[in-house]
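Fit chain B to the supplied structure of chain A, relying on the hints for placement.
Going down the list, the protein sequences come from chains A and B. Everything in the first sequence is counted per the UniProt record's numbering, starting at 1 for the first residue and increasing by one. Everything in the second sequence is counted per the UniProt record's numbering, starting at 1 for the first residue and increasing by one.
Keep in mind that the hints were calculated from the coordinates and are not lab data. Where a beta carbon is used, it is the ideal one built from N, C-alpha and C, also for glycine. There's no promise every hint is true.
[Claimed, not checked] So, partial list: chain A residues that the calculated Cβ filter (under 7 Å) puts toward chain B:
id: 1; residue: Phe-46
id: 2; residue: Leu-48
id: 3; residue: Gly-240
id: 4; residue: Val-258
id: 5; residue: Gly-259
id: 6; residue: Asp-261
[Claimed, not checked] Which stretches of chain B does chain A cover? Using the computed rule of at least three CB atoms under 8 Å from a CB of chain A, they are:
id: 7; region: 393 to 399
id: 8; region: 406 to 417
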Amino acid sequence: MEKRVVFRGWLLPALLIAPQVFISAVFFFYPAGQAIWQSLFIPDPFGLSSQFVGLGNFEYLLGDRFYRASFVTTAVFSILVTLCSMIPALFLAVMADRLIKGSGVYRTMLIWPYAVAPAIAGVLWLFMFNTRVGVVSWYLGNLGYDWNHVLNGGEAMGLVVLASAWGRISYNFLFFFAALQAVPRSVIEAAAIDGAHFWTRFWTIVLPLLSPTTFFLLVVNVVYSFFETFGVIHTITSGGPQQSTTVLVYKVFSDGFVGQDLGSSSAQSVILLFVVGMLTIIQFKFVEKRVHY
Amino acid sequence: MKKSVLGALAVSTMLTPVAAMAQTEVQFWHAFTGRLGELVAAQVEEFNASQDDYVVVQSHKGNYSETLNAGIAAFRAGEQPHILMVFEVGTATMMAAAGAVRPVHEVMAASGADFDQDAYIGAVKGYYTSTEGDMLSLPFNASTPVLWVNRDAMAAAGVDPDTDLSTWQNVDAALTALKAGGEECPLVTAWQSWIHLENFSAYHDVPFASQDNGFAGTDTELMLNGEAQVAHLTAMGQWAQDGKFIYTGRRNEGGANFRAGECALFTESSAGYAGISSEAEFDFDVRPLPYWEGVGNAPQNTIIGGASLWVMEGHEDDEYKGAGQFLSYLSSSDVQAKWHQDTGYLPITAEASAATKAAGFYEANPGTEVAVIQMTANAPTANSNGLRLGSFDQIRGIIDEELEGIWAGDKTAQEAMDSAKERGDALLRRFEAANR
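This is chain A alone, in the form it adopts within the complex:
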């Protein structure tokens, strides 16, 4: 039988959710509404005049083959960042969980990169891979590999993925580690007594029990790779070479704040809002079904 507690009156609940509603309204609904409104105009940068163009901005964008290409770039980038930040994090968490001595030290060290701001992480990786003075590119050069992310799109993509995923591994590690601690020891011990090896136990018991965390991290990481990787891309490649690392959110920035084209920039924000909304719905509809709480 289902238990349900019913609160009487509406004042207290309304009061309790009011701060959240207020914050969402001011920082989310109002700007989002503004973006939708502005996407129908071509304004001049100073706000002195603007012309109503209806869906003209969207037409212009979708007719631009570089804009369409940046959808593919974004998909590739997001998938790579999500994979590269979640798989190593899970691996490290499993390893750290097995430690008996010094796990505190490992934990602290592994969480450290999360404290580095994206732009600084970008600069750090940029220096290591700098085509002329970078340490890593120098070693690669010695091995006979000519690293040049300034001209090679694939290498540029690899570098921004690496730099974006690196700090994120810590974040994911933290969640995986906490979730691993919550896996009941008795279940694992029972399986061990039955003769299951470590990896068998991992695949059949631990991983399914981690699924709520994995799902949460999947959503959060996809959103991260969509929106927060801007700093890394800006510092390392500025979207180049030849647009190969221009993800959707970077184009919003570059059209809005480099090109001062606020109409196109707003239209792109609206499209981005739509895309991320759809992705989240898909994730909740299909992926969540496979999650065991």
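Relative to chain A, chain B alone:
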């Protein structure tokens, strides 16, 4: 003890507003940090000390793009500064915003200070003047590209450091000799679009865009896929394939390589002087930017890069007077000559240039005059006044991408420039629509 401190506090709190009321405040937003930031601060301090009516308050607002964005955002919020520094590629954006800016020639003439537009060097002010010849903003830091030569690297590769590098034909031969002599980085460049397309076009007197490079109207189209430009980029693309031209990035990344002595030739702004002269541990030369012998009217004159000062609308008359006087002070011969000598930026008045020459600065610092001569050798034509294109910061980004396609060998110069024109024109049409 405590009482006297409190008393002093009370007195100072009472006095401060009075002192501030007596002086009219003029806000000045700029994009300079480091040594340049210090020099700007010193100029402001000197101006403030020189009179009692106005006080200029300078603040740093980030890099060029960020400063422009800060100014635009502030204008939308009604909090704009009086004087805003805008880099040269933002010129068209500012000019199109007639209700947001007040032309500098009006402000300076109304401030009561001596103001003669003819005192400014044509090629410098040309970038910032209206088609009627009125100065809309005050050139502040202007530079032009030159060729930097690492004499030691030339000698080490067995090439005569004094060899004539005035034409690209000669440079081509020198690059081949350098490469053969074991030089791993014969040529490197900074600001590729600015130097190898924008300045290249002006220097050879071929159009970069229609409508006099955008001076005559916003219905302009890029013409950078012309024969002369494509031929130059084809040659450079070949050098890149042969390892004679090393690409390091879109901005001035190559400067680090050149200053470290790793590269033999470097095309970079004349304002690179401060950095190169302080860091380079080798003999270097400043040479005029090379040109292709027999192409266009080369050598015409090169154009400038850098920033100018815009006066924004929406303030009191009194404050404009202060802004005008500050701008006049900045244009004065002494201030300009000192700025030119300290930074390597071009002087904006002929008088400042003459004063620098008379002080023997050019003789003591060989090469510093090259940029001035290169800029002023010929009267600017419609192709060499400068560029006035909307969304130009972004168009430069497009050009950079396409150039990278050439250097990587993915595209021919013709394909890349055709594509740059197509993509750039789309942005120009957007700009035209926004400013109709």
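- Indices of hints not satisfied (ascending): none
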